[in-house]
Each structure stands twice: as C-alpha cells, then as structure tokens.
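Build out the structure end to end from the sequences listed, making use of the hints.
Protein chains in written order, with our numbering: chain A, 1 to 386; chain B, 1 to 386.
By construction, these hints were calculated from the structure, which means they are not laboratory data.
Treat the hints with care, as some may be off.
Where chains are identical, the list cannot tell them apart; a pair therefore holds if satisfied intra-copy or between any two copies.
Under the rule of at most 20 Å between Cα atoms (straight-line distance), these lysine to aspartate or glutamate pairs were calculated in the EDC-like manner [to be verified]:
#1 K135 x D51
#2 K356 x D327
#3 K184 x E281
#4 K21 x E74
#5 K220 x D182
#6 K21 x D366
#7 K220 x D113
#8 K184 x D152
#9 K21 x D73
Number of protein chains: 2
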Amino acid sequence: MSPGYPIVDIHTHMYPPSYIKLLASRTTVPYIHQPTESPGADPRLIILASDDDPGRPKSARGRPVDSTYSSFDEKRRFMSAHGITCSVISLANPWLDFLDPESALATAQEINDDLDKACGENNAQASSSSSSDSKLKLYAFGCLPLSAPLKDIVTEIHRLKTLPQVKGVIMGTTGLGSGLDDPKLEEVYSALAATHTLVFVHPHYGLPDSAFGGPETIAKSGHVLPLALGFPLETTIAMARMYLAGVFDRHPDLQFLLAHSGGTLPFLAGRIESCVAHEREFIANGGHRQGPKRSIWDVLHTNIYLDAVIYGQPGLKAAIEAAGSVDRVMFGTDHPFFPPLGDDQDSKWLSVESNKTAIDGCLAQDEDAKRKILGGNAVRVLGLEL
Amino acid sequence: MSPGYPIVDIHTHMYPPSYIKLLASRTTVPYIHQPTESPGADPRLIILASDDDPGRPKSARGRPVDSTYSSFDEKRRFMSAHGITCSVISLANPWLDFLDPESALATAQEINDDLDKACGENNAQASSSSSSDSKLKLYAFGCLPLSAPLKDIVTEIHRLKTLPQVKGVIMGTTGLGSGLDDPKLEEVYSALAATHTLVFVHPHYGLPDSAFGGPETIAKSGHVLPLALGFPLETTIAMARMYLAGVFDRHPDLQFLLAHSGGTLPFLAGRIESCVAHEREFIANGGHRQGPKRSIWDVLHTNIYLDAVIYGQPGLKAAIEAAGSVDRVMFGTDHPFFPPLGDDQDSKWLSVESNKTAIDGCLAQDEDAKRKILGGNAVRVLGLEL
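Below you can see the structure in the form of structure tokens.
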C-alpha cells in the first residue's frame, strides 16, 4: 500500500482527554453534552453557535463525539487504513478562545504538555517497534492562550519551542477577539516570527447567519452552508484583513499554514490585488501610497503554506498555482470530521480519498511533486524526524 | 492590434439615460447625487449601503459617475482602445430591485427598449460603415422587474425575446427579495428555461458588515473588502443555495452566466460536493436521500458559464477546469468600473490587461482556446451576429 515515502497528514484533529474534560464541564457553546436520557449514546459535541439549536433536544444538537475524537489508538487505526505514516495533530476549533484570562495560560500549558507527552510516548514506541503499523509517528501543533494577557501568550509561544513534539501552533481567525489585523497582536506576531513558529490558521466562527439568508435557510441543508462556505470564507476574510493591514509588511518572516487550501484566497488573490491597485483610499497621500506594500502574490509565495484539503482538482490546481510551487502545499485529511455516514466505518473515507484523487489527478505525471505534497513538504517545513 | 477574430466583452455595464434619470430622482441608496456645492464636479453614484457613509458629505460618498457610465461614444472609445469588437452591455447593479411593484414593469420595459434601440442604431451604422472603429457591435442583457407581480416578470421575460439586440437578462442574487432559492421563483425559472434565456448573475449586496469586522474595519481599506471579497462571496452563497434547493434538478435547462468567474464556486465546488455527501440531514429518509440530486460538477458543466473576470492565472485555471472545458468561459472587463486612478485615462486599463494577461498565461499555446474565451463562446452561446 505504501508508496515508499512518508505520507504526512498536517490537518488532523484530536481532543486530548484534558480538553474533553474541559468541554464536558461547560453548558454553553462550546460544550460536550452527555445524553442522560439515552444511556450508552455517544456524547454530543456542540462547537458552533449554529449547532446549539434550542428547538432541538440537547441530545440531537451538534454531532456525536465518539472515540475517534480522543483516542490515539483510533487515530493510528485511521492512519493505517489510509497509508498515512505521520500525523501532525491539532486541537479542533474553537481551541482555547473561550477561556477566562486568569486560567488560560495554565490550561494551555496542561493541554500542550498532554499533546507533547502523548506524541512523545507514541514516537518512542514507534522507534523501537518492528511492525510497520507501530511505526506511525505523531507530532502536534500547540495552542495559545489567546484570551490571556499578552505576556502569557508570548510566554507560551517561547515555551512551546521546548516541547520536542510540538511543531507549530494552531489558531482561529479572531486573534485576541477582533481579528488577525488587530494592532494588539503585533507583539504576538513578533514572538511567532522570532521563534520561527509555523501558525496553522483554521476557521471556526463562519459568517453571520444573515449572510446565508438566516437560520431557517441554513437549516434546510444542515451544516452544508456554514461548513462548505462559512469556513473557507471566514479564512479568506481573516487573511485578507491581515494582508490589507500590512501585517506581512511589518513581519516578513511570519510563516502561516492555511486550512482548506486557504479558504478561497488562491482563487481571489488576483481580485484582491486588482481592488488594492484601484482603491482611491490608497492613492498617494503626501508621497506615500497607503495600503499594503507587498503584492499578495509575494506574500503567498513567501509567507503562506496551504493544505491540500480542497476535495477537487480545480481547487487544488489553483492552490498549487497561487502558492507559486508544489513546495508550499501539504496533504491533510481533517480527520475525525467528515466520517463515512453509512455502516461501513472501516472502509476508506471518501473525504480522504477525494483529496488523494485530486492530488493524483493534478500531478499524475510528476511523482516528485506528489511526494512533496503528500509528505516531503511537511517533513522539510516542520522539521519532522521520520 | 486585432487578432483577426471577434473579441467580445460580456461583462460591461452601462447606465442608459433613462436609468441615470431614475437614480438622480432618488435620495436613498441607490441614488445619484449632483454636488451643488462644487459646480462642474461629476455627480456621485451611491449604489452600495456601505457607500452612503453619513460621516461624509454626499459629494464625497460613492464614486464619481462620469460619461463612461452613460455614453455610448465612451463605450466605443474604450472598446477601440482595448481591441474589443463587440460588447454585450448590461445595467450595473442594483438594476431595478428597488422599484415599487406598480411601476416596475413599465420602467423595465422603458429601460430595456432604450438599450435595444441604442444597440440597434449602433449596429445598423456599424454594418454600413467601412472604418473599423465604426464596426463595433453592441448587444445587451435586459433587466427584469423583479419587484413586480410574478405575471409581470414572466411577461417581460417573453417580451425580451422580441427585442433583437437583447441576448439574455442580468439579475442580482436576491431574486424576489429572499434569494435565488425562493420557491416563488419557480414560475420565473420555468419561463427563463422555456425561452432559453441566459441569466447573467451579478452580485450587489455583498456580505453583512459584521462579516468583515464592522464598518470601521472595512473603512480602513476603502472598498477593498466589500468589492474584492463581498461581491464574489455573495455570488458563491447565492448559487450554492440555489443548487442545494434543487433548482437545477427541477430546471435542468436553465442557463446561467456567473460574474467574476463564479465568485469562488470553481474553487469551492469540491468542498460543497463533499459536505453534501457527508450531511446527516440528507441521509436516506424513507428511501429518498434528501438534498440536491445532481452533482455540482454536472451543474457546472451543463448549466453554468463563467466570465473570465478574475484578474489572475490561478483563478482562471480553476474556472476553466471547473467549467469542464474552455467552451464555457467568456472574456469580460467590468467596464466602466476599476478605471485607472492616475491621469493617464487613455492608456490601456490595468483591470482589463490583467484579465487578458491571465488568459494569455493559461492558454499561450492554444490559440483555439483563446479565440473561444475571448469571443467565440459568446458568439456561439448568445447567437451574436458579427
């Protein structure tokens, strides 16, 4: 099954036990609800405001959260079934955005330590094992206590560099609460750049319901509109705001990895560039043209990596083209989300196979490019030891 | 300059005199403001709610509306300068969405007659002229009285087929007010399909300000966020809602042309398809799986044409790939929007050249494909006589 080179999944989520416990202790979004009315049923995970429909019993809100969310054995089983040799796991949304400022740093440290320890134990076993199924490697993206005072965030950025299995951080699109273009983030960006920390940006909040015609319109197709469109459009807006605010001008060393192939940034980069060039607000003013100084293409080619979680060839081609090279796109699965809906839980997941098929379709003739996207880029960029 | 084949611009706007008069008679969005405080200054066009900033004097709101918006001579001058041999002009947003129901049909008829007559006079002259600059052809997309009673809308759809220069209709994304997935539109879709009327879907309303972090965040980069992102995301959401509601299942003969290369639909089609396949709400229910019956790729390949107004090679490649063939993508300019900001108004427009450069970059080796996108497809699909 294995092509003879590392297959690295850089977009794969887990809720370690300490995080599950935290969510289960809450009763407002995000929270985990244990249905007492139907013993034996899986707990329900309610992570989006749109999941928390008061018109439904709690036992029918959100999605069932089974052991695929928290079990390292399940993660390895999924990896084996799909020929994945290494996973860089990350907390799923909404990370730690909801913590009160006082406890945020301690909670982040506990969860990051948990992740590092679990990956370390796995990797020690893998190194000494002879069976190929036991040789699977695990690394992690850490999470930041973004609701904590700035100094605590910076402290954790530096501390994460001392955790050997942690290869970057994952964060949402709201930063300290008002977006990634928040001037208050300057200190955080300086720390991220100085420590060469890769930032995996992932959506969570989506768009206001009214953008989709309101809750009733949304409900007609379940989670399709918020997930299929809200998520990638959120990422696109967040990154565009960051770009327009000049963050990449001031921090040319920042390294970002964008979920879902950048939302829609690869497709819209040309339109953003054109709108910036034609914006009257940016016209030369006292000798200085306002607005971002660098071309968005330059930022894409220098500061941004894209995952290959786009489920189709047109999108993947645009992602590779916008990234400027096959060196900046990385395979991912979004596991454990989008499981097969039928009974055949052990078959290969459609959500994974469609991304693999797109890679094969785009790069059929180019084994070297495939090797890079499927794993080589992640090994190089994250410094993985495989 | 001319490559020896027709160059057709299918995305080019005009406000005919009757429409300018209508907007100038209004004081709420959309409206035209004639600055009385600075005589000689161009009137201001305020078409977006975000343009109508009460913190600014009316003379500084929106954008200057000069003769490029209403003059057929200016349109021809622009065409000559860019080697365009035929333009299919359309009213710019927000079309007639704001009319009161009683007068909407009469106003639509007047404006559509105006457009047909102006194009007819131009084309009669062009046919009898020997100079190449006088041979430029003009056709039009009509507009529908969407605020009128349904029977009036259907009446105008049928009447437009009797206007020889009108080759389809342009409309926004809200339909009768609540979106293109509105069940009340069934009768309209039946009429559009029965008359083989091409529908050019164009954004106007964008996204709620809160999607961009609020008005203050938006204002920092002028119109960039609403125009670069709000517009294409609006189109994407509207078409996804239509698709999810099964409109293309019930009306397999509908023909749509999507502005700005489909918003972001080509990039996100795979994700939409994947989310539909994994949506629990759509699971088989009494033997019938809910949700759209046709694949979104099938709809893209059968019911949808895309313009090539995407300002970059990654986006254009995705558009061609998602459309399934170079036969379904058509050159456009978005004139008179995005004019050069400097003094050099007579040079070639960057907004046009970047789209032409993308076409050249994608299809440098394929003259036949270039010929199709630059004009051949429009001639074939719209039945233009050139």
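Comparing the hints with the structure gives:
no.	hint	verdict
1	K135 x D51	neither (38 Å within a copy, 59 Å between copies)
2	K356 x D327	within (17 Å within a copy, 28 Å between copies)
3	K184 x E281	neither (24 Å within a copy, 41 Å between copies)
4	K21 x E74	within (19 Å within a copy, 68 Å between copies)
5	K220 x D182	between (35 Å within a copy, 12 Å between copies)
6	K21 x D366	neither (46 Å within a copy, 59 Å between copies)
7	K220 x D113	neither (42 Å within a copy, 40 Å between copies)
8	K184 x D152	within (14 Å within a copy, 55 Å between copies)
9	K21 x D73	within (19 Å within a copy, 71 Å between copies)
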